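Asker: One-letter residues, chain by chain:
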Amino acid sequence: MTANRTVRWLLKPVVFILALVPASLLTHHLITGNLGADPLAEITNRTGLWALRFLAFTLAITPLRRLSGWNEVIRFRRMIGLFAFFYGSLHLGVFVIADRLASLGFPSPVSSQTIRDLAVSIATEVYKRPYIAVGFTSWLIMFALALTSTTGMIRRLGGRRWQALHRLVYVGAVAGVVHYWWSVKADVRDPRMYAVVMTVLMAFRIVLWMRTGARSHAQSLGRRAVAGR
Amino acid sequence: MLIKRPADISSSEITEKSIYFSRRKFIQAVAGTALATAGSLAAETDVHAQQPAPHGRKLATRPSPLSTTEAPNSWSHITTYNNFYEFGTSLHEPAANARDFKPEPWTITVEGECARKGTLDLEDVLRGETLEDRIYRHRCVEGWSMVIPWVGFPLASLIKKCEPTSRANFVSMTTFYDPMRMPGQRAPVLTWPYVEGLRMNEAMHPLTILAVGLYGEVLPNQNGAPLRLVVPWKYGFKSIKSIVKIAFVEKEPINSWKRVASNEYGFYANVNPAVDHPRWSQATERRLPSLYKTMKTLPFNGYGEQVAGLYGGMDLRKFY
Numbered sequence: 001m002t003a004n005r006t007v008r009w010l011l012k013p014v015v016f017i018l019a020l021v022p023a024s025l026l027t028h029h030l031i032t033g034n035l036g037a038d039p040l041a042e043i044t045n046r047t048g049l050w051a052l053r054f055l056a057f058t059l060a061i062t063p064l065r066r067l068s069g070w071n072e073v074i075r076f077r078r079m080i081g082l083f084a085f086f087y088g089s090l091h092l093g094v095f096v097i098a099d100r101l102a103s104l105g106f107p108s109p110v111s112s113q114t115i116r117d118l119a120v121s122i123a124t125e126v127y128k129r130p131y132i133a134v135g136f137t138s139w140l141i142m143f144a145l146a147l148t149s150t151t152g153m154i155r156r157l158g159g160r161r162w163q164a165l166h167r168l169v170y171v172g173a174v175a176g177v178v179h180y181w182w183s184v185k186a187d188v189r190d191p192r193m194y195a196v197v198m199t200v201l202m203a204f205r206i207v208l209w210m211r212t213g214a215r216s217h218a219q220s221l222g223r224r225a226v227a228g229r
Numbered sequence: 001m002l003i004k005r006p007a008d009i010s011s012s013e014i015t016e017k018s019i020y021f022s023r024r025k026f027i028q029a030v031a032g033t034a035l036a037t038a039g040s041l042a043a044e045t046d047v048h049a050q051q052p053a054p055h056g057r058k059l060a061t062r063p064s065p066l067s068t069t070e071a072p073n074s075w076s077h078i079t080t081y082n083n084f085y086e087f088g089t090s091l092h093e094p095a096a097n098a099r100d101f102k103p104e105p106w107t108i109t110v111e112g113e114c115a116r117k118g119t120l121d122l123e124d125v126l127r128g129e130t131l132e133d134r135i136y137r138h139r140c141v142e143g144w145s146m147v148i149p150w151v152g153f154p155l156a157s158l159i160k161k162c163e164p165t166s167r168a169n170f171v172s173m174t175t176f177y178d179p180m181r182m183p184g185q186r187a188p189v190l191t192w193p194y195v196e197g198l199r200m201n202e203a204m205h206p207l208t209i210l211a212v213g214l215y216g217e218v219l220p221n222q223n224g225a226p227l228r229l230v231v232p233w234k235y236g237f238k239s240i241k242s243i244v245k246i247a248f249v250e251k252e253p254i255n256s257w258k259r260v261a262s263n264e265y266g267f268y269a270n271v272n273p274a275v276d277h278p279r280w281s282q283a284t285e286r287r288l289p290s291l292y293k294t295m296k297t298l299p300f301n302g303y304g305e306q307v308a309g310l311y312g313g314m315d316l317r318k319f320y
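Protein chains in written order, with my numbering: chain A, 1 to 229; chain B, 1 to 320.
Okay, chain B solo, but in the shape it has when bound:
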């Protein structure tokens, strides 16, 4: 007989569809293509090899001239000291409470003043994007700082795809909400879900990225998986995590921390050594894991050359 019977494949051997189509692989595939275009990987291997993540889910990335040359903090420090109130208000809680969070499947709703409204899968968001290593300084409003090797792509790239209208003055973003999966949301510490926003020219700035990775690996849950904002010249709370909604709006949105204490946290939240938090000075910072607040905090977290122009004529003491 010429026609052979196909070999029996037990159902257990068939890769589950969900795994086959998992976003991780998709990210890798997309990024792989991007890498082929981008070429060189040489400079990047250093940072990636420095701190291999325990899960080992690699992303293909290319270096960015926007990265700092400062030494990044360790993987363990970046992933065990997180302000992510959705997983607990103490900084070491998110690492434990987010362990079993499954950031997949993941969709992002685009709405408001734009032509391309609708719901996107994470895969759609990442399609055609080149993932870059962006090693940024990260300054928390609490007075500590780290250097973090993010992996991401410019928010501007996604915004362009959404075709915002001329009435889109601000971008508002919202974090995933489900108290069953994010236990921190069971307590009324903040008004849930978490909301943040940027003025349009801030959102379009090349330094502003959506991050999907850390140290060349898929972003850990406690750092805002699967998709988070990173705005390096602003205090950390502006960089909203686990984003599920992007809305183009005419009026300045009220961000969560401003809502809870507007005398302490504003909308702009640009890193500014001249404007103290009411309870502590912002003139200096602790570059973790240092014990001492000896490092001078720079205006716009040291990114003033690139971003100070966005705020020409604005009183940054008033718009803190």
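Just chain A, with the same shape it has in the complex:
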């Protein structure tokens, strides 16, 4: 098998299945009643944490590629990013159903009145609670990036514009960590750990941009020097 086919037919399916393990375990524990006294808190925490972890995984792709020289790793980025969106959507969905729809007393979900009430109820929470606002922002960004993640969309937007849009992932990751930080009662040790990881991943890029910036500057100086001769 060529390297290309190994990635496509072996490694990608393996990563795909691995990425589904947390969701499968959670579903299994939920069905078998193994989530303890407060299953909702457990589901909320775990889906939120996996969204953050997958965001960190996508941000780790470029550093991994640069440091290892294994260029093929870039081919996993879209899938891993979409899994961040997947877990983030589960996390938001749990909030919408178990918190917001429940607070309305579970009205019939098919009526337009319910949809309006639900939208108002979600908007009110987003407006009233800063930690929900930043979490929602993070999800909206992931949603936009997921919508534009197809090859067709890359072509339609053009590489440069697409890349500019997808730099929003940094904002999404920061918003995700802030959401986590603001959601805990007093113990910020875990959110702090995620903040450190994200900072390191972003610092890597800053170093990279500074270096390439310096190099292209040096190159242009070099060209000018040649032209001036």
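Since the hints were made in silico from the structure, they are not lab data.
There may be inaccurate statements among the hints.
Unchecked claim - Pairs of lysine to any residue residues, derived as SDA-like cross-links and limited to a Cα-Cα distance of at most 20 Å, are as follows:
| hint | chain 1 | residue 1 | chain 2 | residue 2 |
| --- | --- | --- | --- | --- |
| 1 | A | 128 | B | 263 |
| 2 | B | 102 | B | 57 |
| 3 | A | 185 | B | 279 |
| 4 | B | 296 | A | 185 |
Claimed, not checked - Derived, one-sided and incomplete: chain A residues facing chain B with beta-carbon distance under 7 Å:
| hint | residue |
| --- | --- |
| 5 | 38 |
| 6 | 209 |
| 7 | 211 |
Computed from a predicted structure; not experimentally measured.
Ideal Cβ positions, reconstructed from N, Cα and C, are used throughout, including at glycine.
We have chain A already, so just place chain B on it with the hints.
Answerer: Just chain B, lined up with the frame of chain A:
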């Protein structure tokens, strides 16, 4: 020979003094006496038989008219979902981290504005008290609730023994502090030791109890052994666990959660559906293990009839 030599008793057969005088047995003895006075046990056997604790250290108790008739949560839920930061900040940590904690011997210091200052053994605290089953609703400030069959006695009873002076406006209580034995205290998450307090008339209210048991059994470590406060009309964090100090004070004490975030947690912390936590609504609650926040939260956690009078003329939005 008429006088027989006593049979040899190997030292291993002699019950160790500490075990012989263990508080568990003492509690049972004290409670047993109380039971004989109290009489009937009939109604109680139900709750006790429902969820036998793994350790099986029974307490003799009598029922209380102050109990709710709502179905209690299971032993396993009550003992595996605990906000007890001294044993870890995640709710399932205390069950594991408190497993080897030995709440004995245990002493409680009484100080401040009272005639009978000093240090009491747990046995002294329990002497003469009648243990009652108090099945109470428990509402956590985080938005979940349970129904818990505590075993305890009125805090008022202990307070009377301490003979507080007229300057005693508040009771302040402190949790045991030893980072070696309570690993959660090694991290500066809260200012240790944990402190809570009640206004005198709240502390004297018949609903306010000191609990020593659960489901008719000795209180598990993760639930605040050996002695904890239970104030059912307030958010759970007011019900301080593993108490080692009771002080009668003139001024309102600063409770730990108010100290860490006074915009979110106040001194009174009465359950109030009309006053939101800044980060979530308190209008509804999840009665565990339900997944949904569909149960309406009641003012004073449904104990308004008994306790609303304590707060006449007070703006409970301001004194949250």
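Asker: It remains to establish, for every hint, whether it holds in the given structure.
Answerer: Going through the hints against the structure:
1. A:128 x B:263: Roughly 15 Å between the alpha carbons, so the hint for residue 128 of chain A and residue 263 of chain B holds.
2. B:102 x B:57: 15 Å, holds
3. A:185 x B:279: The hint holds at about 10 Å.
4. B:296 x A:185: 23 Å, violated
5. 38: Where the cut-off is 7 Å and the nearest Cβ of chain B is about 5 Å from residue 38 of chain A, the hint holds.
6. 209: 37 Å, violated
7. 211: Since chain B brings no Cβ nearer than about 39 Å to residue 211 of chain A, farther than 7 Å, the hint is violated.
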